[in-house]
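For the sequence shown, the working numbering gives the first residue as 1, with consecutive numbering after it.
If you're looking for bench data, these hints aren't it; they were derived computationally from the structure.
Here a beta-carbon is modelled for each residue, glycine too, at the ideal position from N, C-alpha and C.
Accuracy of the hints is not assured; some may be wrong.
[Unchecked claim] So the derived label-pair ranges between C-beta atoms look like this: (1) Arg-50 - Gly-387: 23 to 31 Å; (2) Gly-31 - Ala-92: 39 to 47 Å; (3) Gly-20 - Gly-236: 27 to 35 Å; (4) Ser-370 - Thr-343: 13 to 21 Å; (5) Asn-336 - Ala-169: 52 to 60 Å; (6) Phe-80 - Ser-237: 46 to 54 Å; (7) Thr-343 - Thr-117: 50 to 58 Å.
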Amino acid sequence: MYTYDQIADQLTDGFWASFGGGPRSFDVVTGGTLYVDITGLASNGQAMARQALDAWTSVTGINFVEIDSSIPPNQTVSEFLDAPSNPITPYAVQVGDDFLGSLGTGADRDTVAIALTAGQNITIELSGNTANGNATADPFLWLLDGAGNVIAANDDAFGTDAALTYPAATTGVHYIQAGSFNDAYPGDYRISVRDAAGLVDIVFDDEQSGAYATSTVSGGVIQTSFVNIDSAWAGGSARTDGYFYQTYLHEIGHALGLGHAGNYNGSATYGTDALYLNDSWQASVMSYFHQVENTWLNADFAYAITPMMADIIAIQNLYGTPSANQGDTIYGDGGNTGTYLDTALGLSNPVAFTVFDTGGTDLFDFSSYSAHQVMDLREEAFSDLAGLDGNIGIARGTIIENGRTGGGNDVITGNAAANGLSAGSGDDTINGGAGNDALSGGSGLDNLDGGDGFDLIDGGPGDNTLNGGAGADLLIGDGVTLSMLTTIYPAWTPPANAQSLLDTGDVIVLWDDILQDSGLA
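Could you put together the complete structure from these sequences and hints?
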């Protein structure tokens, strides 16, 4: 079993190392901007790309700005005689130009001159030209210095198209050379040269079958990333609760610098390819194994609809930790995030997500559900909520203060904050943990433990077991109002969240007159 930090290290380092590479990320931090081009996607893909980018924004703070990167050329130069494979070429372009040519054979290479100034940063793209139905299938791009030496090369930056970014080290003539992978693919091509200042960071397309992402990396810095997801992939349904959307989360993870949760690529089997027991979608959207494929894990199948626990740690290791959901946020019933999370649990297919929240007084409200639930408000814990096991997690650094469950026999575990924890009908178990907590068992045979701190514990109707734990606590059953208690004990100040759990009109009594814990009654 790996810790979440170990899984995060696998995502940022281990996967890339297993394939001979190194860690990579864009040169941007939380609050920065990356430019994306989704114009190559059909409408279903555009909807899913936007939603997935928003999901990554929520855990990175990176602003993804849409642009159309198809800048028309200043001029187009066309090959009229076969361009030579050496630098003695009659063809030249400038930054902003396109060049149209053709590879007569797979082994053909065409050379075009370009004058650059030291410090000038350009991007060169080489793609198949489909205008005459004879595009080269897999172009390969080289950049040569003035002496004809290769100084940069690329294959498959954007699908099978090639691209590279080059900051000129010297002033003078350089040479762009077009060819094909393994000298095997004749056909027409287009060279486009642009100022890198206008370069799009992530380009999306759906022309190729399948789903994949590639990046052009220099010195550990991602220059550009390309994401291709077939518009019919996994049925192509533009819905949150499906694999089409989860694939967008996954591939954008790659585009930002995350590898797979194991050293696999293309296909994998849990029993033979998993590096650790807990490799699954529950820990990472970059995993190949859903929750049930993982035979060690106790969790129900559910589509991951956010970056998951290890993904959040990993991506924040690369880009920093932003602020998110700073207000008093409700998750579950009456959700007020303003995102798709507010309605996700009502969708047709099962979903799993991880909550990242850095401020406010927050509430997990699952009081409408009658199934037995296990709610754990501690950081890096998963809960069994809304009828599923192991489906909702709380990210590192996230504090959820309050929790409510419904009519099942529920278990609620608080955290170190001042928690307000309330269970409905059913035989419930609540542990407040550290902090000055207010616990309400509702009806049923409840077992309530305040844990450390100054706790208010209301058993409600039924034969309940109340344990104040360490600290000065007040244990209540049924028959006296809370306002009466504060009159009887004027020196006692109820926890702030007691009022929200114990309405002042409720009738309560002191259990055995006064139950004393370590000090104050």
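Hints versus structure:
1. Between Arg-50 and Gly-387 the Cβ separation comes to about 29 Å, which falls inside the hinted range of 23 to 31 Å.
2. Against the hinted window of 39 to 47 Å, the Cβ-Cβ separation of Gly-31 and Ala-92 comes to about 42 Å, which satisfies the hint.
3. Evaluation of the 27 to 35 Å hint for Gly-20 and Gly-236 yields a pass: the beta carbon distance comes to about 34 Å.
4. Against the hinted window of 13 to 21 Å, the Cβ-Cβ separation of Ser-370 and Thr-343 comes to about 20 Å, which satisfies the hint.
5. At roughly 54 Å, the beta carbons of Asn-336 and Ala-169 sit within the given window of 52 to 60 Å.
6. Between Phe-80 and Ser-237 the beta carbon distance is about 49 Å. The supplied range of 46 to 54 Å therefore holds.
7. At about 54 Å, the CB distance of Thr-343 to Thr-117 agrees with the hint of 50 to 58 Å.
Hint compliance for this structure: no hint is broken.
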